[in-house]
Amino acid sequence: MPKLKTLDDLKRVREEAQKSLKVRLDTGTTIIVGMGTCGIAAGARDTMHAILEELAKRQIDAHVTTVGCIGMCVKEPLVDIEQAGKPRVTYGNVKPDMVPRLIEEHLIKNQPVAEWVLGRVKAE
Amino acid sequence: MRELALHILDILQNASEAGASQVALTIDEDQAADRLTITVRDNGRGMDEATVARAVNPFFTSRTTRHVGLGLPLLAAATERAGGQLTIQSAPGVGTTVTATFQLRHPDRQPLGDMAATLLACLLGEKNLDLQYEHRTARDTFAFHTADIRAVLGDDVELGDPVVRQWLSEFLAEGEESVKRDS
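Chains A and B, in that order, give the protein sequences. Just so you know, we're using our numbering here: the first sequence kicks off at 1 and counts up by one. Just so you know, we're using our numbering here: the second sequence kicks off at 1 and counts up by one.
Simulated from the structure, these hints should not be mistaken for lab results. Ideal placement from N, C-alpha and C gives every residue a C-beta, glycine not left out. Hints may be right or wrong, so weigh each one.
DSBU-like mimics (lysine-lysine), calculated; alpha carbons at most 35 Å apart, straight line [claimed, not checked]:
1) A:Lys-86 / B:Lys-180
2) A:Lys-95 / A:Lys-57
3) A:Lys-122 / B:Lys-180
4) A:Lys-19 / A:Lys-109
5) B:Lys-180 / A:Lys-95
Just a few of them, taken from the derived set where beta-carbon distance is under 8 Å, the chain A residues facing chain B [claimed, not checked]:
6) Met-48
7) Asp-61
8) Val-121
For reference, chain A alone in the conformation it holds in the complex (with noise of 0.2 Å):
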């Protein structure tokens, strides 16, 4: 095995996720992306990656996750944002290009890219 990352190191990571979970609970972001075959296939993997990328950039503190087949392969990529009160917009095609002005709009402006939307859910 080749000296790598430690878990030890991982204990430092573990405290600095601790202080400020509490305000990541608070200001709650999710995005999800599709990772059926369909958008594996279509590259949802990488787009997935382009989001990371971007949100580790920005600082921007989103959970991600992923979600199987919805059913919709044509649009694959699909990727969906969604912030406590507010709509969940569902963004389909989205090539990893488009992502940090996804980001930008979404997350940092608060405006949808409207162009991009193919559907919204009310909150709950």
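Assemble chain B onto chain A, guided by the hints.
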């Protein structure tokens, strides 16, 4: 699918959709035998013999959103055009083991691709999945078990936490880099 890593992500998603709580993923690049073996073993609900027989038929799926299922058929085709084969062993209530073999140096074998990105996507998507990973090459072995990572994080910090996620991403990239050939 351009990379085997994308097929692997797909099979990992199958495992979680089958309700698996534990998955063991092994990638063995055996230069001497000119063989690449990818094994995904899960403890999901499993399939009976008839279902296994149909699993590589593209017009069969257990899903209800539509009537085709391409994950396993695509992987089967990928193994066959690279001098290998796909085998599925499964038993209801026990789980499923998918084994894909390839001739390592076959010109039509897809590259393994970005395993670090595949593992990260899997871990973020299935936050409760217990994943045991091992990637063996002539150079070295990269292995980890999510249970060890969770033991450090404790009950209150999630694997998907943005701070932990960043660590994971670097951990996986370094690990994969360490077993790569010619680097």
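Hints versus structure:
| no. | hint | result |
| --- | --- | --- |
| 1 | A:Lys-86 / B:Lys-180 | 45 Å, violated |
| 2 | A:Lys-95 / A:Lys-57 | 18 Å, holds |
| 3 | A:Lys-122 / B:Lys-180 | 47 Å, violated |
| 4 | A:Lys-19 / A:Lys-109 | 27 Å, holds |
| 5 | B:Lys-180 / A:Lys-95 | 28 Å, holds |
| 6 | Met-48 | 6 Å, holds |
| 7 | Asp-61 | 5 Å, holds |
| 8 | Val-121 | 17 Å, violated |
The structure fails to meet hints 1, 3, 8 from the earlier list, while all remaining hints are met.
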